[in-house]
Amino acid sequence: MASTIRVRATAGTDTTEVQALIQHPMDSGFVKDAKGELIPPHHIETVTFEVGGKVVFTALWGPAVSKDPFVKFSFKGGAKGDDLKITWIDNKGATDTLTAKIG
Amino acid sequence: MAAAISVIAGRPSMALDATTPEQDFKVFRDYFVKKFPKVPLEDFVNGPYSMNEDMRKQWIEKEDFPPYDFAVDRGKELMAQLFKNGKTLADCFPDKGVGIRQNYPYFDTAKGQVITLELAVNQCLEANGEKPYSYVRDDMAAVTAYMALTSRGKPMDVKIPNDPRALQAYEAGKQYFYQRRGQLNFSCASCHIQSPGERIRAEVLAPALGILNAMPIYRSEWGGMGTTSRRFTTCNSQVRGTPLEPQDPEYRNLEYYLSYLSNGLPISGPGARP
Numbered sequence: 001m002a003s004t005i006r007v008r009a010t011a012g013t014d015t016t017e018v019q020a021l022i023q024h025p026m027d028s029g030f031v032k033d034a035k036g037e038l039i040p041p042h043h044i045e046t047v048t049f050e051v052g053g054k055v056v057f058t059a060l061w062g063p064a065v066s067k068d069p070f071v072k073f074s075f076k077g078g079a080k081g082d083d084l085k086i087t088w089i090d091n092k093g094a095t096d097t098l099t100a101k102i103g
Numbered sequence: 001m002a003a004a005i006s007v008i009a010g011r012p013s014m015a016l017d018a019t020t021p022e023q024d025f026k027v028f029r030d031y032f033v034k035k036f037p038k039v040p041l042e043d044f045v046n047g048p049y050s051m052n053e054d055m056r057k058q059w060i061e062k063e064d065f066p067p068y069d070f071a072v073d074r075g076k077e078l079m080a081q082l083f084k085n086g087k088t089l090a091d092c093f094p095d096k097g098v099g100i101r102q103n104y105p106y107f108d109t110a111k112g113q114v115i116t117l118e119l120a121v122n123q124c125l126e127a128n129g130e131k132p133y134s135y136v137r138d139d140m141a142a143v144t145a146y147m148a149l150t151s152r153g154k155p156m157d158v159k160i161p162n163d164p165r166a167l168q169a170y171e172a173g174k175q176y177f178y179q180r181r182g183q184l185n186f187s188c189a190s191c192h193i194q195s196p197g198e199r200i201r202a203e204v205l206a207p208a209l210g211i212l213n214a215m216p217i218y219r220s221e222w223g224g225m226g227t228t229s230r231r232f233t234t235c236n237s238q239v240r241g242t243p244l245e246p247q248d249p250e251y252r253n254l255e256y257y258l259s260y261l262s263n264g265l266p267i268s269g270p271g272a273r274p
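Residue numbers (my numbering), protein chains in the order written: chain B, 1 to 103; chain F, 1 to 274.
Source of the hints: derived by calculation from the structure; they are not laboratory data. Even for Gly, the Cβ is constructed at its ideal location relative to N, Cα and C. Just so you know, not all the hints are guaranteed correct.
[Stated by the list, open to error] Quick list of in silico lysine-lysine cross-link-like pairs, DSSO-like style, CA-CA up to 30 Å: (1) B/K35 <-> F/K159; (2) F/K62 <-> B/K67; (3) B/K80 <-> F/K57; (4) F/K131 <-> B/K67; (5) F/K35 <-> F/K154; (6) F/K159 <-> F/K26; (7) F/K62 <-> B/K76; (8) F/K62 <-> B/K85; (9) B/K80 <-> F/K62; (10) F/K131 <-> F/K35; (11) B/K67 <-> F/K57; (12) F/K62 <-> B/K72; (13) B/K76 <-> B/K35; (14) F/K159 <-> F/K62; (15) B/K35 <-> B/K67; (16) F/K154 <-> F/K26.
[Claimed, not checked] Partial pick of chain F residues on the chain B-facing surface, computed with a CB cut under 8 Å: (17) F65; (18) P67; (19) D69; (20) E221; (21) W222; (22) G223.
Generate the whole structure from the sequences, applying the supplied hints.
Here it is as structure tokens:
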């Protein structure tokens, strides 16, 4: 199965800009299906971005975040060729990881 | 019937009134070029983004990580997935389904009807003993998204063969396009000929020219992908009409008519829309 994560990181002069897209239903738990039954909550709780074993960004997400979330941030440091590791964990314990090179 | 013929015979100017698809094509294109002189012809395929500068900026930023990306990957997988009989979806299409989007819909002279890409996908699945996809979303949207992406930039190339039934299908599609319907008494043309670039609530209406070149689309409003069938049925509901079944012959004729008028404009699908 294809990865649920798409990422692009570009190193600038002193900061690195990261953009990532994650495929996830992000069900809030407040929406009903066609039969009128509540769709149980199913959303990402934690997303972490690591460079060289050091966490550079953590996101704590809840039911208010949209389906297939997109995140964009920049951090100080990071050089071309470094490994950027992205991990997400959802409320059902499912998880996915991807390691990408900073370009 | 006899009465109808006598009416036509009684009006010698009828022959002049009747338009051919070629004439339609010219009038239709001239209308949009004149109405939007600043929009380059091949940009009409970008729908609302050709009409509104702010939306265009957002869209360009979004194209870095287009929301249809996941669907395209899924479509590629599905095309290559083996059926129970060992064949694949790709085997049903010329060039394994790559770069052929611009040739659909086409008029099948053997069957005497318009065959759209979505119909062709399901006919392939059924012929191989597989379960057909939903016409509106999910796997169908994924497969057609992949086909559209591999055809990007190729000019739409829909032909009307020398067959009276093909011309009839084209005329029926045109009729459907201009026919008012629903509680709001709108025709397709009310929004997409008369008012492109204007707002309907928060949305900017897309021009009819090139509107199908971007299909299938990811609509944020849907929270997912949708096919041409999905767009037609939701449009019909939005004017408070009763939608037809997806891939109803009338919808296929409409798709045939609209695609023919967009001949020469590049395929821009899969698209992303608000």
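Evaluated hints:
For the hint pairing B/K35 with F/K159, the CA-to-CA distance comes to about 44 Å; that exceeds 30 Å, so the pair is violated. At roughly 15 Å between alpha-carbon atoms, F/K62 and B/K67 fall within 30 Å of each other, so this suggested pair holds. Distance restraint check for B/K80 and F/K57: the Cα-Cα separation of roughly 28 Å lies within the 30 Å cut-off, and the hinted pair is therefore satisfied. A hinted pair counts as satisfied when its Cα atoms are at most 30 Å apart, and F/K131 with B/K67 qualifies at roughly 28 Å.
Distance restraint check for F/K35 and F/K154: the Cα-Cα separation of roughly 25 Å lies within the 30 Å cut-off, and the hinted pair is therefore satisfied. Proposed proximity of F/K159 and F/K26 is supported: the alpha carbons are some 15 Å apart, at most 30 Å. Between F/K62 and B/K76, the direct Cα distance comes to roughly 24 Å. Compliance with the 30 Å bound is thereby established for this hinted pair. For the hint linking F/K62 to B/K85, the alpha-carbon distance of about 23 Å falls within 30 Å, and the restraint holds.
A C-alpha spacing of about 24 Å is found between B/K80 and F/K62, which places the hinted pair at or below 30 Å, so the restraint holds. Simply put, F/K131 and F/K35 have alpha-carbon atoms about 46 Å apart, too far for the 30 Å limit, and the pair is violated. Proposed proximity of B/K67 and F/K57 is supported: the alpha carbons are some 22 Å apart, at most 30 Å. This hinted pair checks out: F/K62 and B/K72 have alpha carbons roughly 12 Å apart, not beyond 30 Å.
A threshold of 30 Å between alpha carbons decides the hint, and for B/K76 with B/K35 the separation of about 49 Å lies outside it, so the pair is violated. For the suggested pair F/K159 and F/K62, the alpha carbons sit about 34 Å apart, so the restraint of at most 30 Å is broken. A distance of roughly 21 Å separates the Cα atoms of B/K35 and B/K67; the hinted pair therefore holds under the 30 Å criterion. Distance check on the hinted pair: F/K154 and F/K26 sit about 20 Å apart at the alpha-carbon level, within 30 Å; holds.
At a threshold of 8 Å, the smallest CB-CB gap from F/F65 to chain B is about 4 Å, leaving the interface hint in force. Of the supplied interface hints, the one on F/P67 holds, with its beta-carbon coming within about 6 Å of a beta-carbon of chain B, less than 8 Å. Residue-level restraint check for F/D69 holds (minimum Cβ-Cβ distance to chain B is 6 Å; threshold 8 Å). The beta carbon of F/E221 comes no nearer than 12 Å to any beta carbon in chain B, farther than 8 Å, and the hint placing it at the interface is violated.
The beta carbon of F/W222 is not positioned within 8 Å of any beta carbon in chain B (closest approach about 10 Å), and the interface hint is therefore violated. Hint status for F/G223 relative to chain B: holds, with the closest Cβ pair at about 5 Å, below 8 Å.
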